[in-house]
Amino acid sequence: MGEPSRQQASGLLDRYQPGGAFDEAFDADGAVRGPYRRIVERFRELDIDEVKRLENLVADEFRRQGITFTVYSEEEGTERIWPMDLFPRIIAAAEWDELSRGLSQRVAAMNCFLADLYNGGGQAIADGVVPRWLVVSSQGFERNAVGIRVPHSAHCNIAGIDVVRAADGRYRVLEDNLRSPSGISYVIENRAAMAKACSWLFYDHPVEPTEQYGRMLRSTLESMAPDGRDSPHIVVLTPGIFNSAYFEHAFLARSMGVELVEGRDLVVDDHAVYSRTIEGLVKVDVIYRRIDDDFLDPVAFRPDSTLGVPGLLGALRAGTVTVCNALGNGVVDDKGVYPYVPELIRYYLDEEPIIDNVPTYMMWDPDQRADALARLGELVAKPVGESGGYGVLIGPHATEQELDEARATIEADPRSWIVQELVQLSTVPSLAGDCLEPRHLDLRPFVLTGERTQVFPGGLTRVAMRRGSLIVNSSQGGGSKDTWILAAEAS
Amino acid sequence: MRLGIAYRMYFRYSEPVTESQNEVRVRPLHDEHQQVLSYRLTSRPELQVLPLSDYWGTTVEHLGIRTPHTELELLAEATVETEPRPAPDEAVAAAMLIDPDFQIAHLEFLAPSHHVQWASGDAVERRAASAVAGESAVQGMVRAVVADVRGALAYRQGVTDIGVTLTEVLEGGAGVCQDFAHLATGMLRSAGIPARYVSGYLFAADETAPDAEDSDVVSVQTHAWIEAALPGWGWWALDPTNGGEVGERHVVIGRGRDYGDVPPVRGAFTGSGTAEVDAEVVIGRQDEPQLSPVDGPGPARAEVASPPAPNWRHQQSQQQQ
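The listed protein sequences correspond, in order, to chains E and D.
First residue of the first sequence? That's 7 in this note's numbering, and the numbers climb one at a time after it.
First residue of the second sequence? That's 346 in this note's numbering, and the numbers climb one at a time after it.
Keep in mind the hints are simulated off the structure, nothing from the lab.
A couple of the hints might just be wrong.
As the list claims (entries may be wrong) - With a straight-line cut-off of 25 Å between C-alpha atoms, the simulated DMTMM-like cross-links for lysine to aspartate or glutamate are:
1) LYS341(E) x ASP446(D)
2) LYS202(E) x GLU408(E)
3) LYS341(E) x GLU408(E)
4) LYS202(E) x GLU217(E)
5) LYS341(E) x GLU453(D)
6) LYS289(E) x GLU391(D)
7) LYS289(E) x GLU406(D)
8) LYS289(E) x GLU268(E)
9) LYS341(E) x GLU384(E)
10) LYS341(E) x ASP298(E)
11) LYS341(E) x GLU217(E)
12) LYS58(E) x GLU85(E)
Every value quoted in this text rests on a predicted model; they were computed, and no experiment measured them.
Chain E with its partners taken away, still in its complex shape (with noise of 0.2 Å):
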């Protein structure tokens, strides 16, 4: 595709209003952040009609590679293809750099939890940083996971941290996914289609690459064999066709260059695993599973489960494979016990959170509960042990009655929700009829630890479509955007 004819200013963002929230692109003043200045520029040059050629460029790219998502609110689970706004999201080297240490701060701290947890006899636990019943009483405590050894005590070795900007311009970290974080395949999608349809946009632009991120995955996954063992035999372990996220497990494996696999595929013997080829059967080290804890072994776990290998617990009990992540991350991902994870960080690193929590309140604290309960118009409450937006209450969006419901609900089994400030979310240009707009949007970053950690340059942007709209869930409606992680320059 080359660069279109340079005409009159078009008037794309002649009449862009940043709100209330803090613009990505645009300061208080109008003026164009540093980031943003070759980008707007471009798309200053562009009218609406090459706009709207260049996202059906994308979208037919998308169609014709598959790339799609599943919307399992209504009826029944619908295809819909992957939406993606054609103005990047563009992140400076030196904030990238900022986060990505606070990212691999968060995942560090969390990692030495679970490794206590599971293998450490709890010092958390006992010097009161964080409360055993909390833990004990949480859905994703797993207790067949205590003992199972863990190669360089790396429990969480692909976290997807969702974070976001609020009104002041800072990162604050909204959740923690620990156990099978998605996305990734997107964000690699984006940049392809991006790249083929509207290659000349990149142009001056020092946009770290994405396409390495399946040999950076397969080092992390290969760093987790047991006892070292050399070119060890990965497998990526999916629940088969019918989940939504498919189309990922199909793509990394891919991507790796290694077996995808179903359970019905996988076989143990004598504490082992093996793989069932046409060469016969052949050991297998690791397993990126994307499979939940509770369907890996239909023997220790839930006996209704066809999704799993029978005797994968004995076989990860005797040493001889690794699953990745590993069994047990969802006490992490238990919104109950986010709150106390920048304590962890001071606790097992001796260092201050660089990236602050949204401020929580935890509802069985009775004072806490009383207060936020009281002020629940302006607050948001979320289940803890759900993902993905589902369930959450955003209180200036909710009705009286909605309101009095929540607070009965939460009244009646407070360990099971935290209510946070409700984050202004940051905005940045979206396409929205005939001009760009502001759109608010947040960052899922990955962060991939074996023997040692690594924050993937680039993260999956989502966007919400509509005007004002805080939801940016691809479930309910959201949209995404391909993210630039600019390279430091030499200046």
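On the provided structure of chain E, position chain D as indicated by the hints.
Chain D only, in chain E's frame:
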């Protein structure tokens, strides 16, 4: 009391099956009131056994066969020296149950668990509330619940299975030791008393009347009872199936929130055949126990119905039958 225990589990399949994987929890626990003098688990065909301690401190042994087979026999043999377990002598005031530190320390044994479910205002909770009404000491509350369970249930084999709920057990009015223990556990928890489930062996020909006769060798099943936590004292063991104390005739395998944490055998296999499970515990005083022949008609034999859909099958046995 020195007891010799032999627990034989025998699986026979109508068609050859493959990929049988099992977790076995049958090794007696070694603690201050119970010494394990010897133990071994063997199998036919001979398999590699992987023993580990689980979260609850119970020994779990993993073993499996990948190749086609029509029978699998496991034999656990143990010699155990037991002594009486202490019972509380001074009354513990019921008011101590609401101490927050006590409750938090025992949270896992106060909350509902997979096999021990009740809801506010249901039959389990109402029964417990009326049983403990008027009791000022925790001991009295625990005894009242155990007595109430014995009043609510008749001992009868074959009327319940592993998936039964407490409400269903109450409605049916009958069950085996596992049901007695689950119901007592649920009632105690709903009344604010931490309670846990104990899996083990009982040296008695009749588990509903352990002191009725004193034979040298008995042929029975695994047994289950409960422990209730008394504030400031510790765990007090009682046997709801017979209403009695837990003493030298009881041998602990493990403790957990319910049966699901300490099943003697849990497994899965692949194949289209039906499985016949034959399990028997032979316990004798001091001397080596004698096993009844493998093919003889065992006292407990269950046809395991073919479950639908999954391509592997599950094998687990109730604590009794």
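Here's how the hints hold up against the structure:
For the hint pairing LYS341(E) with ASP446(D), the CA-to-CA distance comes to about 23 Å; that is within 25 Å, so the pair holds. Distance check on the hinted pair: LYS202(E) and GLU408(E) sit about 46 Å apart at the alpha-carbon level, beyond 25 Å; violated. Between LYS341(E) and GLU408(E) the CA atoms are separated by roughly 22 Å; this keeps the pair inside 25 Å, and the hint holds. For the suggested pair LYS202(E) and GLU217(E), the alpha carbons sit about 14 Å apart, so the restraint of at most 25 Å is met.
In summary, the hint linking LYS341(E) to GLU453(D) is supported, as the alpha carbons are separated by about 20 Å, within the 25 Å threshold. For the hint pairing LYS289(E) with GLU391(D), the CA-to-CA distance comes to about 22 Å; that is within 25 Å, so the pair holds. For the hint pairing LYS289(E) with GLU406(D), the CA-to-CA distance comes to about 22 Å; that is within 25 Å, so the pair holds. Note on LYS289(E) and GLU268(E): the hinted pairing holds, with a Cα-Cα distance of about 15 Å set against a maximum of 25 Å.
For the hint linking LYS341(E) to GLU384(E), the alpha-carbon distance of about 20 Å falls within 25 Å, and the restraint holds. At most 25 Å may separate the alpha-carbon atoms for a hinted pair to count; LYS341(E) and ASP298(E) meet this at roughly 18 Å. For the suggested pair LYS341(E) and GLU217(E), the alpha carbons sit about 32 Å apart, so the restraint of at most 25 Å is broken. Between the alpha carbons of LYS58(E) and GLU85(E) the distance comes to roughly 23 Å, so the proposed pair stays at or under 25 Å and holds.
In terms of the numbered hints stated before, the structure departs from hints 2 and 11, listed from lowest to highest.
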